[in-house]
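Novice: The residues making up each chain are set out below.
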Amino acid sequence: MEKIFLSLLNMSITASWLVFAVILLRFVLKKAPKELRCFLWTLVGVRLICPFSIESVISLIPSAETVPESIILSEAPAINSGIKFINSAVNPVISKFLAPNAADSATPMQIITFVASVIWLSGMVAMLVYMMISYKRICGKVRESIKLRDNVWQCDRISTPFILGVIRPRIYLPSAMNDADIEYVLFHEHTHLKRCDHIRKPLGFILLTVYWFNPVLWVAYILLCRDIELACDEKVLREQGEDIRKPYSDALINCSMPRKHISACPLAFGEVGVKSRIKNVLSYKKPALWIIVVAFVASAALSVCLMTNPM
Amino acid sequence: MIELQMGTVESKFADIIWREEPLSSAELVKKSEAELTWKKSTTFTVLKRLFEKGIFKNEKGVVTSIISRDEYYSMQSEKYVAENFDGSLPAFLTAFTARKALTPEEVDELRRMIAAYEEK
Chain P
1 MEKIFLSLLN MSITASWLVF AVILLRFVLK KAPKELRCFL WTLVGVRLIC
51 PFSIESVISL IPSAETVPES IILSEAPAIN SGIKFINSAV NPVISKFLAP
101 NAADSATPMQ IITFVASVIW LSGMVAMLVY MMISYKRICG KVRESIKLRD
151 NVWQCDRIST PFILGVIRPR IYLPSAMNDA DIEYVLFHEH THLKRCDHIR
201 KPLGFILLTV YWFNPVLWVA YILLCRDIEL ACDEKVLREQ GEDIRKPYSD
251 ALINCSMPRK HISACPLAFG EVGVKSRIKN VLSYKKPALW IIVVAFVASA
301 ALSVCLMTNP M
Chain U
312 MIELQMGTVE SKFADIIWRE EPLSSAELVK KSEAELTWKK STTFTVLKRL
362 FEKGIFKNEK GVVTSIISRD EYYSMQSEKY VAENFDGSLP AFLTAFTARK
412 ALTPEEVDEL RRMIAAYEEK
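Sequences listed follow chains P and U, in order. For the first sequence, the positions run 1 to 311 when the numbering used here is used. For the second sequence, the positions run 312 to 431 when the numbering used here is used.
This is chain P alone, in the form it adopts within the complex:
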């Protein structure tokens, strides 16, 4: 268990470097299509799922194994963060205070790693339990729904439209919605289904349950949710024509709700960052070719430099 925890810890630190770069790139390339951001988050996901990576000289990752496995039994425990000043700040301290005593049956690092692993596992179980409980609660509410058409259902007991289900996803609409808004909401939700967001978002949350101890990844998940919605809005505008901007943003306002908590399962229409979505919809323009080219080159560079490990 400790070995698994240590490799997950290292993978999450490596991924965090990538997340910082993605956040920076997102900011610099604000005008680029939001689809780019979703691609970048996919890269983060790959880094978190795949324990292996190619090594290359142009890798910008400081270190692929910040907490080496040997630390547990080492006589002079030390981390290898790849950044000199972190190493020199941390290592003297831990080498001194956490050095093993010949007389003890277990090294301090063994105890610490064991305790940390237990805490990690409990946290992960707690997150999974929370996920299952919220899922069951929503399922209970939407049992009382009637079919509108195809896979679209109406329910009295929900307050915002959302998608539920991975294999046979259904779109649920609150019964109290304006008929005018329904058309636009359905454009949006069907686009989510086309983009497979109903698989991506829960997958992202499952990664979060494993890596819950890393706050940088929580930030990544929150930004991922927002970027998924923005990219979906843009795709709707591209496919339906920019003229629907006004009624589409009206529908967004009518369906918006105060944010309650980070929800794992449903892709809710109105919950995520409504203000920035409306701004994005109303000011959307087809991006110029040069922006697309720059974005493509930048992400290719980022992929090579941060998806590979240092030699």
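Wrong hints could be hidden among the right ones.
As the list claims (entries may be wrong) - Distance ranges between label pairs, derived from CB positions:
1) P:Phe296 - U:Ala406: 54 to 64 Å
2) P:Gly241 - U:Glu429: 51 to 61 Å
3) P:Ile23 - U:Asn369: 56 to 66 Å
4) P:Glu239 - U:Ala337: 42 to 52 Å
5) P:Val125 - U:Arg330: 42 to 52 Å
6) U:Gln316 - P:Lys246: 28 to 38 Å
7) U:Glu389 - P:Trp212: 51 to 61 Å
8) P:Trp218 - U:Phe407: 51 to 61 Å
To be clear, the hints were calculated from the coordinates, so they are not data collected in a lab. Small disclaimer: the values here were computed from a predicted structure and weren't measured. In this text, a Cβ means the ideal position worked out from N, Cα and C, and glycines have one as well.
Based on these hints, arrange chain U on the given structure of chain P.
Specialist: Quick look at chain U alone, frame taken from chain P:
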């Protein structure tokens, strides 16, 4: 008066009962499954809520209505006019006919209604 307004979904379910009553709860479950694809537990959950609202009742396994469909929708329209037009029926009709004029048939029917009302 207790809040007995039903949502769209509850109303569709209530329509089944109003249409088929009196019927046993078992029959209701079958009909809900056929028309709404609801499981037995869902039917019972919603039914219980409607019992609590005082619209329907259960006597020895047979479901009947306390408030009829007409009565329910009368109460709803009273409530609507009270909440949105200060209880003034003329104000409601003015708003109702503002965008679309009454047809001659509708005018005749309204005249007959008023005449019948005045005779009482």
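Novice: Tell me the hint numbers this structure goes against, listed in increasing order.
Specialist: none
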